[in-house]
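Trainee: Since the structure of chain E is already known, use the hints to place chain U on it.
Letter by letter, the chains look like this.
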Amino acid sequence: MANSENGGRGTLVTVGYNALALGIFILLWAALSWISESLFLPTPWTVLQAFLDLATYGDVEGINIWMHIFRSTLRIFAGFLAACVLGIPLGILMGLYPRVYDSTKSIVEPVRFIPPVAWIPLVIVLLVGFSRYAFIIWLGAFFPIFIGTLLAVKQVNPVHIDVPRSFGAKRMYIIRKIVIPSTLPDIFTAMRVGMGIGWDCIMAAEMIGGENEGLGVMILKYAELIRIEEIIVGMLVIGAIGFFINEIFIFIERRVFKWKEAVAID
Amino acid sequence: MDQELIDAQITMKFDDMTVLEDLQFKVHRNEFLVLVGPTGCGKTTLARLLGGLLKPTRGHVNIGGEQVNPKIHNISFVFQEPSCIPWRTLWDDIYMGLEIKGVDPKTSEARTREVIKLVGLDGFEAYFPKQISGGMKQRVAIARAYATKPDFLLMDEPFGHLDAQTRYLMQIEIMKIWESEKKTVAYITNNIEEAVYLATRIIVLSRLPASIKAEHHIRLARPRNLTSPDFLKLRKEIAQQCEIVE
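Chains as they are written, first to last, in our numbering: chain E, 1 to 266; chain U, 267 to 512.
With the rest of the complex left out, here is chain E (with noise of 0.2 Å):
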C-alpha cells in the first residue's frame, strides 16, 4: 500500500516536469516566432485561435474540426479492431502450428512488405468511402499485430507449459491458462504499434482518397491555401490524439498486468 501512494506522488511529479517542459517548449516557439517575423513560423496563439476557428466555424468547406477528428478515429477503429480480430486467433493459431505458418509462408511474407500506401491506388478503384480507409488501415496494423502475437506464441517459457501438462491438462486448458495470459503483454504492444501504424496510414489514405472529412484532408486543404496555422493545429491534434491513445494502453498495461509491475521483496 506504501508503494501505491508513492507512486501517485511520483505521478504527480511527473506531470509537474512535463508541464513545465511544455511551458518552457511553447515559451521557446513564441520567441522564435516573434523574433523572426516570419509568415511562415506562426505565433503559439495564432496557431490557437486556428484551433478555436476551426472549432467554432468549421473549415474552408465549413466543416467543423471535431468532424474530421470523428471521422479519422472511427476510421482507425474499425481497421484496428478489424486488425486484432483476425490478427491475434490467426497469430495465435500460427504460433501453436508452425507448420501452418511454415507452409504459408510464401504468400504472407510478401504481402507483409508490400507498404499499405502502396495499396491505395488499388483500393481507390476497387472500394468506396468508409471501406478504402478502414481497409488500408487493417492493412497497415494487422500485420504488426499478427506477427508480434506469432512471435509471442513461440517465446512461451516451455516449462509453463511443462506445469499444467506434468498434470494432465487438456490443450485448450494450456492455451487459456497459459498460452494467451503469457503472451498477452506482448499482443498488447504489438497493438500499440498496429496503433501507431494505423495512424501513419490513415494520414496517407485521407490525403489520396478524396473525400472532404479526416484530418488528413483537412490539413491538404490548407497546404493548398498555404496557411500553416491550419496545418499545425492538425498536426497537433493528430498528435495529441495518438498521446492520448497510448496513455489509454498503458493505463490498462498497468492494470491488467500487475504480476509484472510487482515489486520484489528480496
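Since the hints were made in silico from the structure, they are not lab data. Here the structure is a predicted model, which is why all the values come from computation and not from measurement.
Here's a subset of chain E near chain U, in silico, CB distances under 10 Å, partners left out:
(1) K177
(2) I178
(3) K258
(4) W259
Computed cross-link-like contacts, DSS-like style, restricted to lysine-lysine with a CA-CA straight-line distance of at most 27 Å:
(5) U:K415 x E:K170
(6) U:K372 x E:K170
(7) U:K337 x E:K170
(8) E:K177 x U:K337
(9) E:K154 x U:K396
(10) U:K403 x E:K170
(11) U:K337 x E:K154
(12) U:K372 x E:K177
(13) U:K396 x E:K258
(14) U:K367 x E:K177
(15) E:K170 x U:K449
(16) U:K321 x E:K154
(17) U:K383 x E:K258
(18) E:K154 x U:K279
(19) E:K177 x U:K321
(20) U:K403 x E:K260
(21) E:K177 x U:K383
(22) E:K177 x U:K403
(23) E:K170 x U:K321
What follows is a set of in silico ranges between Cβ atoms, one per label pair, in the way DEER data are often shown:
(24) E:P110 x U:E509: 50 to 58 Å
(25) E:G10 x U:D358: 26 to 34 Å
(26) E:P89 x U:Q269: 44 to 52 Å
(27) U:G306 x E:D102: 25 to 33 Å
Just so it is clear, CB atoms sit at the ideal spot from N, CA and C, and this is done for glycine as well.
Mentor: For chain U alone, kept in the frame of chain E given last:
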C-alpha cells in the same frame, strides 16, 4: 511394504544419440528413491520419461501395471527450472493441479491451505512469483506438486538452482514434508551428499548412454548427520562410482 509402483525398462534415443540404454529399475511404494548420476547423463530425459512427458524409443514405464499417462495417473512433477507461473499468485499457482484434476472447489481450497502451511508459505498467498525468493519459489513448486496428493512424485534436481545454504535448508524441509505425508518419490540429482541425506534407496547412473552402475539401500537414522563416519563412507563410495574423485 515392498510393493512396486513403477516398473521402468527404457531405451531412449534422440536421432542417433542413445541417451538411455536398456535402463531397468522399479520404484516401490512410499520409498524415497534417489537417482544420482554425473552431469549430462540424461537425468532430465529420464525424469520426463517417468512422468509421461516423453515416450521411450523402446521399452516402457508402467505405473501399477499400466503405461504411465499424466491424464490418467495422479503424478506430480517438480521441475529443475523455476516453474512458478508469473501471472498467478502463490495461491492460484498451488491450486493449479487441483483445478486441472477437476477436484471440487471446497476440497481444493482446504487442501491448498493445508499444503501452503506444510511448506511454510502461509501469509504469502496473494504474492506474485516476482515478489519472492528462489527458495520460496521452489517451495511453491513442491506445494503445488503435493496438493494433488500424488501417487508418484517426481523431482528433477529441484534445488539445483539454489545457493548452497538455501539448498541445505530445503533438503531438511523436504524430508520433514515427506515424513509428515509419505509419498512415493523419485528424486533426481547430481549431488551425492543430497542423495545420501534424502534417500531410502540410491541408484547410481553411469555416463552416457546411462545405465545402472550401483544400488544402495540407505539405512542411516534420520535426521541424518552429514559428518558422521557412516554418512561420509557412503558418500565416498558413491562418488567413486559416479567417477567423481573426491
